[in-house]
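**Q** These are the residues of each chain, in order.
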Amino acid sequence: MAAKSWKEWERPLLELEQSLAQLRARIAQEPEHRREELLAKVAEYERRRDQHIQVKYSRLGPWEKVLVARAEPRPYTLDYINAIFEEFLELDGDRLYGSDHAIVGGPALLHGQAVMVVGHQKGRDIQDRQYRNFAMSKPEGYRKAIRLFEMADRFGLPVITFVDTPAADPGVESESRGISEAIASSMLCMFGLRVPVVSIVIGEGGSGGAIGIACANVVLMQEHAIYSVIPPEGCAAILWRKPEEGPKAAAALKLTATSALEFDLIDRIVEEPFGGAHRDPLAAAEKVQEALMTSLQALDAMSPDALKAQRYEKFRKMGRFAEAVLAESRD
Amino acid sequence: MRLGAKPRATGDAFIQCAHCRKTLFRREFEQNLDVCTHCNHHHRLGAAKRIEITFDPETFIELDQDLRSVDPLLFPDYRQKLADAETKTGMNDSIVSGMAKLNDQEVSIAVSNFAFMGGSMGSVAGEKITRTLERAADSRIPAIVFCTSGGARMQEGLLSLMQMAKTTAAVERCRAAGAPYIAVFTDPTMAGVLASYASVADVILAEPKSLIGFAGARVSKQAQVTKVPDGFQTAEFVAKVGMLDRVVHRRDLRRTLSSLCRMLAGGRK
Ligand SMILES: [Zn+2]
Numbered sequence: 001m002a003a004k005s006w007k008e009w010e011r012p013l014l015e016l017e018q019s020l021a022q023l024r025a026r027i028a029q030e031p032e033h034r035r036e037e038l039l040a041k042v043a044e045y046e047r048r049r050d051q052h053i054q055v056k057y058s059r060l061g062p063w064e065k066v067l068v069a070r071a072e073p074r075p076y077t078l079d080y081i082n083a084i085f086e087e088f089l090e091l092d093g094d095r096l097y098g099s100d101h102a103i104v105g106g107p108a109l110l111h112g113q114a115v116m117v118v119g120h121q122k123g124r125d126i127q128d129r130q131y132r133n134f135a136m137s138k139p140e141g142y143r144k145a146i147r148l149f150e151m152a153d154r155f156g157l158p159v160i161t162f163v164d165t166p167a168a169d170p171g172v173e174s175e176s177r178g179i180s181e182a183i184a185s186s187m188l189c190m191f192g193l194r195v196p197v198v199s200i201v202i203g204e205g206g207s208g209g210a211i212g213i214a215c216a217n218v219v220l221m222q223e224h225a226i227y228s229v230i231p232p233e234g235c236a237a238i239l240w241r242k243p244e245e246g247p248k249a250a251a252a253l254k255l256t257a258t259s260a261l262e263f264d265l266i267d268r269i270v271e272e273p274f275g276g277a278h279r280d281p282l283a284a285a286e287k288v289q290e291a292l293m294t295s296l297q298a299l300d301a302m303s304p305d306a307l308k309a310q311r312y313e314k315f316r317k318m319g320r321f322a323e324a325v326l327a328e329s330r331d
Numbered sequence: 001m002r003l004g005a006k007p008r009a010t011g012d013a014f015i016q017c018a019h020c021r022k023t024l025f026r027r028e029f030e031q032n033l034d035v036c037t038h039c040n041h042h043h044r045l046g047a048a049k050r051i052e053i054t055f056d057p058e059t060f061i062e063l064d065q066d067l068r069s070v071d072p073l074l075f076p077d078y079r080q081k082l083a084d085a086e087t088k089t090g091m092n093d094s095i096v097s098g099m100a101k102l103n104d105q106e107v108s109i110a111v112s113n114f115a116f117m118g119g120s121m122g123s124v125a126g127e128k129i130t131r132t133l134e135r136a137a138d139s140r141i142p143a144i145v146f147c148t149s150g151g152a153r154m155q156e157g158l159l160s161l162m163q164m165a166k167t168t169a170a171v172e173r174c175r176a177a178g179a180p181y182i183a184v185f186t187d188p189t190m191a192g193v194l195a196s197y198a199s200v201a202d203v204i205l206a207e208p209k210s211l212i213g214f215a216g217a218r219v220s221k222q223a224q225v226t227k228v229p230d231g232f233q234t235a236e237f238v239a240k241v242g243m244l245d246r247v248v249h250r251r252d253l254r255r256t257l258s259s260l261c262r263m264l265a266g267g268r269k
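Protein chains in written order, with the working numbering: chain A, 1 to 331; chain B, 1 to 269.
The shape of chain A in the complex, shown without the other chains (with noise of 0.2 Å):
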């Protein structure tokens, strides 16, 4: 049986994560001759999660990459935004109908280069999880979303969108407000920006509430991020009709990072400490941080229509399918 969470996946590790951090507090009250035997108890437990950790996170299969794209302990949206950028200044309010905290928004500092950054954000516990409804964005976040968008081409801000949701907001009140036109729309106000975009997939990159934001010059993935038109479980409730199917409903989506480069959806994959982002995230945040200082070098020199030109061309081409040529040899 394939677990169903990051939480029961990672058990064994975490467990021994514990026991080491025990025995470390341990050591400091024990008297000098013992010290030694447990520092080589503690270097020994250390190999083994490491081990353990190379064994499980080298050949991570689609499944395992949903349950670590979602691990609660994942650095989020903020956590990004705190660690790379000098200064950020969150926005808010649609100037329409009213405020949503499951996307954030502002204007920052990127090696002192100004920016406009937009992303979705999840919570951590409970509370903070009701309060940005999940990640799920409301018709308010995506049209807060354009204003900034907006606002960065009339200053000329580049845009850096961080993508991490399981799905736009399906209820509804986001229904009556129109979810869909949004969403659309967020994506139309992309296309016409004449300046810079670098989106990365940080987590979970779920359907139309991730393209949302994610039409960009540079669409950028984490190792471990996921990217699907529909959430596997939702795929295999649909196939199968048993939402229990989702590790092979997860295979059959090719949503890792991997799949999404081969089929050319995305330019580059970025790299997380050993371990996955949650073990280290400030050095995760650096890898983050790397990527999109050099996505956006490259599109420096570019002016602004061959900004927006170089975005069309680069979603023209996305797609597979065959074309006959001997169109007279129909029928």
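Hints listed in this document are in silico derivations from the structure and should not be mistaken for laboratory results.
Possibly wrong hints are sitting among the right ones.
Subject to a maximum C-alpha distance of 30 Å in a straight line, what follows is the list of computed DSSO-like cross-link-like pairs (lysine-lysine) [said to hold, decoys possible]:
id, chain 1, residue 1, chain 2, residue 2
1, A, 242, A, 7
2, B, 209, B, 101
3, A, 65, B, 81
4, B, 49, B, 88
5, A, 56, A, 242
6, A, 314, A, 287
7, A, 65, A, 317
8, A, 248, B, 88
9, B, 240, B, 209
10, B, 209, B, 81
11, A, 4, A, 65
12, A, 248, B, 81
13, B, 101, B, 49
14, A, 242, B, 88
15, A, 314, A, 4
16, A, 56, A, 314
17, B, 81, B, 6
18, A, 242, B, 6
19, A, 65, A, 242
20, A, 317, B, 81
21, B, 227, B, 88
22, A, 314, A, 242
23, A, 242, B, 227
24, A, 242, B, 81
Remember, predicted model here, so these are calculated numbers, not experimental data.
Starting from the known structure of chain A, arrange chain B with the ligand on it as the hints suggest.
**A** Below, chain B with the ligand without anything else, positioned relative to chain A:
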């Protein structure tokens, strides 16, 4: 699937309305464009019939008819489903696209067929919609798209999701070129199609009672504690909340489209 999509034949001369179950004269039913003469239920139309009743006779020229879906993900059963849909509909994929005339005005058109895998949008549908919009943009003529779809085609995974972006980008191109783009939502228009090119048309029309929504009604209801409003996700509801322009009876669609195309394409050059 919802009840009431397909009329049932009861002998050669009669047909039963899928909604009110009344027996109707087939000839009358067909003359009324597959709308029930008793309860006004708009039955789903195939692409060929849609084109026939909407555009000037003999003016439709199909383009891109050689585009075929492949199975890039080697997704379980996808090839078989495609083959079954081809046999059932005689079509290569869910969209028919090309050029036609509407009251002598040249228009670039695309029509979705729900019978082909629920009108779902994979690489082929995305490419056809994109080409339709690009042709309109390049020639500065109106684009008309008849939508009906369950959403993105999950058997093509992320490639399908990207069709949302690609088609929406083409809408941006129409806007930049000043080519009017009109979408007609027919039953049902859902999910990935609704949340991309469909919802950013200059003008949105819908046939009465069409199901229109982002999430399946079941999902929306689950996600909400509050009561679902009456007529939720019907064309009339979507019009009431301001997300489309007009609900138009099938018999008035040709006239409405023609009038819109003429006026929107008639601005100062
Ligand atoms: Zn009837």
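**Q** None of the hints should be skipped; say for each whether it holds.
**A** Hint check:
With a C-alpha separation of about 22 Å, the suggested pair residue 242 of chain A and residue 7 of chain A falls inside the 30 Å cut-off, and the hint holds. With a CA separation close to 28 Å, the supplied pair residue 209 of chain B and residue 101 of chain B stays within the 30 Å bound. A threshold of 30 Å between alpha carbons decides the hint, and for residue 65 of chain A with residue 81 of chain B the separation of about 28 Å falls inside it, so the pair holds. For the suggested pair residue 49 of chain B and residue 88 of chain B, the alpha carbons sit about 16 Å apart, so the restraint of at most 30 Å is met.
About 27 Å separates the Cα atoms of residue 56 of chain A and residue 242 of chain A, which keeps this hinted pair within 30 Å; it holds. About 24 Å separates the Cα atoms of residue 314 of chain A and residue 287 of chain A, which keeps this hinted pair within 30 Å; it holds. Pair hint residue 65 of chain A plus residue 317 of chain A holds up; C-alpha atoms about 27 Å apart against a cutoff of 30 Å. For the suggested pair residue 248 of chain A and residue 88 of chain B, the alpha carbons sit about 28 Å apart, so the restraint of at most 30 Å is met.
About 13 Å separates the Cα atoms of residue 240 of chain B and residue 209 of chain B, which keeps this hinted pair within 30 Å; it holds. Distance check on the hinted pair: residue 209 of chain B and residue 81 of chain B sit about 29 Å apart at the alpha-carbon level, within 30 Å; holds. A threshold of 30 Å between alpha carbons decides the hint, and for residue 4 of chain A with residue 65 of chain A the separation of about 12 Å falls inside it, so the pair holds. At most 30 Å may separate the alpha-carbon atoms for a hinted pair to count; residue 248 of chain A and residue 81 of chain B meet this at roughly 19 Å.
Under the criterion of a C-alpha separation no larger than 30 Å, the hint pairing residue 101 of chain B with residue 49 of chain B is consistent with the structure, at around 15 Å. Pair hint residue 242 of chain A plus residue 88 of chain B holds up; C-alpha atoms about 27 Å apart against a cutoff of 30 Å. A threshold of 30 Å between alpha carbons decides the hint, and for residue 314 of chain A with residue 4 of chain A the separation of about 36 Å lies outside it, so the pair is violated. Of the pairs offered as hints, the one joining residue 56 of chain A and residue 314 of chain A is violated, with about 35 Å between alpha carbons and a cut-off of 30 Å exceeded.
About 21 Å separates the Cα atoms of residue 81 of chain B and residue 6 of chain B, which keeps this hinted pair within 30 Å; it holds. Between residue 242 of chain A and residue 6 of chain B the CA atoms are separated by roughly 28 Å; this keeps the pair inside 30 Å, and the hint holds. Taking the CA atoms of residue 65 of chain A and residue 242 of chain A, the gap is about 20 Å. The hint holds against a cut of 30 Å. For the given pair, residue 317 of chain A sits about 25 Å from residue 81 of chain B by alpha-carbon distance, which is consistent with the 30 Å threshold.
Our distance criterion of 30 Å between C-alpha atoms is broken by residue 227 of chain B and residue 88 of chain B, whose separation comes to about 39 Å. Simply put, residue 314 of chain A and residue 242 of chain A have alpha-carbon atoms about 36 Å apart, too far for the 30 Å limit, and the pair is violated. The straight-line distance between the Cα atoms of residue 242 of chain A and residue 227 of chain B is roughly 27 Å, inside the 30 Å bound, and the hint therefore holds. Between residue 242 of chain A and residue 81 of chain B, the direct Cα distance comes to roughly 19 Å. Compliance with the 30 Å bound is thereby established for this hinted pair.
Violated hints for the displayed structure, listed by number in ascending order: 15, 16, 21 and 22.
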